[in-house]
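Novice: Listed in order, the protein sequences are those of chains Y and H.
For the first sequence, the positions run 0 to 126 when numbering that gives the first Met the number 0 is used.
For the second sequence, the positions run 0 to 395 when numbering that gives the first Met the number 0 is used.
It is worth saying that the hints were derived from the structure and are not from the lab.
It cannot be assumed that every hint is accurate.
With a straight-line Cα cutoff of 27 Å, these simulated DSSO-like cross-link-like pairs (lysine-lysine) come out [unchecked claim]:
id	chain 1	residue 1	chain 2	residue 2
1	Y	Lys101	Y	Lys73
2	Y	Lys73	H	Lys205
3	H	Lys264	H	Lys370
4	H	Lys205	Y	Lys101
Which stretches of chain Y does chain H cover? Using the computed rule of at least three CB atoms under 8 Å from a CB of chain H, they are [what the hints assert, rightly or not]:
id	stretch
5	58-68
6	87-96
7	113-125
We treat Cβ as the ideally placed atom computed from N, Cα and C, and that holds for glycine.
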Amino acid sequence: MAENLAGTVGPEQQFKNFLSEGKFMIQRCKSLNKFFFHPRVAFPGSGERDLEWVEASGNGVVYSSSCNRRLPEKGGDFNLSLITLEEGPRMMARVEGVDPDKVEIGQKVKARISSLNGEPAVIFDIV
Amino acid sequence: MDQNDINRLRGKTAVVGLAESGCGLASGWSAMEIMANAVHDALDDAGIKLKEVDGVFAATAFHSMAAMSLSEYLGVKPKFADGSQIGGSSFLSHILTAAMALDAGLINVAVVAYGSNQKSAGGFKTISEAMPYEAQYQPRMPVTAYALSAKRYMNEFGATREDLANVAVSARDWALLNPRAYTHQDGPLTVNDVLSARPIVDPLGKLDCCLVTDGGAAVVMTRSDRAKDTKNTPIYLLGAAMEHHHRMISEMPDLVQTSAIESGKRAFSMSGYNPNDMSTIQLYDAFTINTLLFLEDLGFCKKGEAKELVKNNNIGPAGNLKVNTNGGGLSCVHPGMYGLFVTLEALRQLRNASGDDVGQRLDGGWIDNAKLSVAHGNGGVLSSQVTNIWGVSDTL
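Throw the hints in and build the complete structure from the sequences for me.
Specialist: Next up, the structure:
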């Protein structure tokens, strides 16, 4: 790693930049051949720094789910889930296209890049 | 350094004074004023003068440098201070740090304190930063995190919302015996009350969630040789341990297993006692799911079996397990960070059984002959877990 970080951006900004380009990218440690999320400067727990970005398959399974109650005038109820990606890591996201309280553990989901409050966001749909 | 080294701290320090202040509603009082009031009352309880305090430990959701702000307010120049902020369990870790500093001779008298006016100041208060990779989805933290755990728990172990509701029902039954409890006058809860309460984040409804109150608390600690000469019954710190493995709920390795498995194992090992030796069990119940997880993770039953353990009001006043005997965060008090109140109840039960006057309870509210209490703190989103084991002098 360069000591001087000027002129580069960190993994969080790189992830957001990829999303802006329509790509859902996750990091893989080459020597361990393991994926991880969220993006970091090194593999969590053991510190390997030979990392690369790989486009995620977008396939996942609902690990847990919640229906967040919200007044209709503020946008209404919404789903918030934890998704285990096919590559192994887990992430928080919303599952859309189904009633927010009808998302069940174990359901297969597929990622797409949408936007939330003007920012690109990974959203999942039930397969 | 191996585990035996930390075990040298067993019984070396004791709490000799405690107090709460402004619990419920304290309109017109600032968080600092509530906290400082608790410190002065705890020192009065101990019979120790303010000028003897040379260790200050505090964390709040109102002060970025709580230990420093509290020291200044009190007019104390501590030789050691710790304002570590690991959420609601901070105070149970402060107790461990204070024990280390006392044992090392850095300080002679420590105060551990908390204060909050969140209810009178407008509701749940946090100084938590937005979590990267989560915030854009707008989770209702901390409720969403605990709901995700509850949903997963129900799925893995066939638990139901009724099983969760049993926890709230028992907590209320304890609160009915405790005149200090915020819901003392509110009457009992039924399982149906809990199930039909307003949904917040499914599967958790309003009565699965802790209270939102004001309140402050403080304890005074000193070395055990000095503790013997104070005016009340000293309660000895027999075991203490902590662990955490995530900050964000999306990073929790397994939603139904907390670091309490590790903190509990090490704290009990240090104390020389087992979960079944505990006269009282005080668990940080920010949500109903917490009590189930911590009963399992601390070793009171196997994983997935707590739903059976809490049936038939078995953790209520008439039950076999004396759990959250003040009414807990669900029905006694929850001023944002509840950890020091878990500690207070663990200590009060032991002091009452030793003959100290620590307040009145209705029949059954005090545990006869209580000798050992476990106090377990939780912080963040099932993140930081800290376990303290407390005992009276016979247990040393």
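Novice: Confirm or reject the coverage of the stretch 113-125 of chain Y by chain H under the rule of 3 or more residues with a beta carbon closer than 8 Å to the chain's beta carbons.
Specialist: Since 4 is at least three, the answer is holds.
Novice: At least three residues with a C-beta closer than 8 Å to a C-beta of chain H: is that true for the stretch 87-96 of chain Y?
Specialist: holds (count 5)
Novice: Is the listed coverage of the stretch 58-68 of chain Y by chain H valid when you require three or more residues with a beta carbon under 8 Å from a beta carbon of that chain?
Specialist: holds (count 7)
Novice: Take the C-alpha atoms of H/Lys205 and Y/Lys101, compute the straight-line distance between them, and say whether it is at most 27 Å.
Specialist: Answer holds: H/Lys205 to Y/Lys101 is near 20 Å, not above 27 Å.
Novice: Is the hinted pair Y/Lys101 and Y/Lys73 satisfied, with a Cα-Cα distance of at most 27 Å?
Specialist: Holds - the C-alpha atoms of Y/Lys73 and Y/Lys101 are around 21 Å apart, at most 27 Å.
Novice: Measure nothing beyond the straight line between the CA atoms of H/Lys264 and H/Lys370; if it is 27 Å or shorter, mark the hint as holding.
Specialist: holds, 20 Å
Novice: Does H/Lys205 sit within 27 Å of Y/Lys73, going by the straight-line distance between their CA atoms?
Specialist: Given that 27 Å is the threshold and the Cα spacing comes to 19 Å, the pair holds.
Comparing the model with each earlier hint shows no violations; every hint is respected.
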